[in-house]
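Trainee: Residue strings, one per chain:
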Amino acid sequence: MTSVPTDRTTAPATDDAMGVDGPLLDVTDLRTTFRTPVGDVVAVDGVSFTLRRGETLGIVGESGSGKSMLARSVLRLVEQRNATVTGRVVLDGHDLATLSNRELRRRRGRVAAMIFQDPMTALNGTMRIGQQITESLREHLPMGRGERRAAAIDLLRSVGIPDAERHLRSYPHELSGGMRQRAMIAIALACGPKLLIADEPTTALDVTMQRQVLDLLDTEQRDRSMSMMLITHDLGVVAGRADRIMVMYAGRVVEHAPADRLFAAPRHPYTDGLLRSVPRVSDEPGRELATIPGSPRVVLDGAVGCPFAPRCDRAQPDCLDANPPLTPVDGTSEPDDLHDTRSLHEHACWYPLGTERGERALQANRAAGTTAAGLRLTDMTGSADTATEPTVSDTVARSAP
Amino acid sequence: MNPAVSRTLRRVPRLVLTLLAVSFCTFLLTNLLPGDPALTILGENASDEQIEALRADLRLDDPILVRYVAWLGDALTGDLGTSYRTGQSVTDAIIERLPVTLELGIVSLALSLIVAIPLGVWSAYRAGGLVDRFLTTASFGLMAVPGFMLALFLIIVFAVRLGWLPSTGWVRFSEDPVGNIRSVILPAIALGANEIAVFMRVLRSDMLTTLNQDSITMARAKGLSAGRILTFHALRPSSLSLVTIIGVQIGAIIGGSVIIETMFALPGVGRLLIDSIAERDLVTVQGLALVIGVSVIVVNFITDSIYGFIDPRIRDGRNA
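Each protein sequence line maps, in turn, to chains A and B.
For the first sequence, the residue numbers in my numbering are 1 to 401.
For the second sequence, the residue numbers in my numbering are 1 to 320.
Calculated directly from the structure, the hints in this document are not laboratory data.
Treat the hints loosely; a few may be bogus.
[Stated by the list, open to error] One side only, chain B facing chain A, incomplete, derived with CB under 10 Å:
1) Ala46
2) Tyr68
3) Gly129
4) Arg220
5) Ala221
6) Arg228
7) Arg236
8) Ala278
9) Ile310
10) Pro312
Glycine residues also receive a C-beta, built at the ideal position from the N, C-alpha and C atoms.
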């Protein structure tokens, strides 16, 4: 189970070189754009990462940060006519771009499965739960009718649905929200995938159900030694569950670190903002939660500068001129360490937290009362006025012609 | 009880009320005509005795509600009166001609659905593509061509020029099955061509909505084939509007059959209606109006009931 080091940027990674010992998923420079009348909207902007077997990668960002589009792009599920997906995705030793449609289909559901935010819309409302499980089995595994039924019952039991036999015949709307999400997990797990992509799996659930569903995902992951991409806008969801965390903003990875490091010493001001906007039990009563001023905006192809600059309290003139590349934090970049993503900590910021340069920029902006992008710093929490601009959403692509 | 069945039963009282309203309007038909109905039926050359006899026969001197109840009672027992033109029972005349119209309607509806469903599905699946753009243009063209124009065109090309199919006349299925099918093809196409365009557009638009839903992405993420996704995951949730439109178009088909039956000289109900109107055969017209009105209502009731079977969420009272 030890991973063979792979160079993340120049991996030669032919199918032979990437045997079963390689990382399960190796994504290089994934880029998804949508042609629209106002220009090319960049939903995913040159994202690279690897995912080892059994590992959990948390992907965090506000809605509109491109995390759902990233998930869909990985499995080549982006189908809109105006969309272009480039970059390399190597799943279990196979470059998905070189596969035929049929071979790609054989891997979806079998090697990599996906669950969605809202089971009410993601499940087929006109098909019984049992049939939604068995149709995957029929597609991918050589099983007879009776075997498929038995397997479906086992699956429903394993995700904690009581009275599994009866619920085979239930329609999604006949289940409660939590049960529906469990059913969706059972459907996704039907063929024993090696990778589970969970896109906001708990966002549509009551708080009491969220924990149960996350624990279920944990258990299933451990039992099946599955890898998982856990996508969420809520840092609380990935805390204690993800091995590594990628923070996304405007389609880019702005920070990437082992989970404990990210929580202990965030470098990117956006990560810091997200962390400070999570309420904690240890907070004194009445403390006002920090917010990040403004909202994410549509990033068009060819846009100049750091996309977060307009909302950042550290923004300096050069932030508006050049987009900072993803660079390793000093101390995690020793040559031997570079390839092992387990300890790598990267960020994309010219003036990161925890550096003298960064703190100087913040001090200078506070002294001036404004940032280079014109954000007025009215108080310490950073809530400030910004002109409201069109916000990007995960559905931007759908509204495009 | 199956929830879809009980949902249907709950709607029966409303159906009965609608039927009563339609029958009353149909009955009023004779009374809303200007002048004396008896005079209208018999013509200006009728003698006073004849008119008096007819007035008594039609019970024109009774209050309108009394006459309605009597007429409705007769209609419910299958007696729609007797034609003053032919002396034939109106019920018999309709029963004799109904099979022709029914066959024509069913064949034309089936043909249009067989063509429209795959085209609509493909159009939505490859929205914006070459096929879709061609079909969009073609369907607008098709909608713009009236049935009788198409009928003329079909007769000229396939009956007159090529001689493949008969241009007029009807062969009973019991007499000659092949001849029957040959005689129904052209009129069915002429009658159903418009519907192809309508059905295709409606299905395409619903399919587009469905195909953008997470459930389709989920189905694709499960590794299902495009064919299976379109048939099992997209078509069924997308067919509600189509079913509604089919119900509505039944009325159009019946209306269209009046023209098409006349053009192809088919002995159907539509033809009977035209002849009766021309001959001022009010009793027959009234009977036909009742039968046609009731059929349209019942068909729509059935299509409405189908919703519950298509989408389980509706029969359980959600999104209904």
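Trainee: Which numbered hints are broken by the structure, listed smallest first?
Mentor: Violated hints: 1, 2 and 8; rest satisfied.
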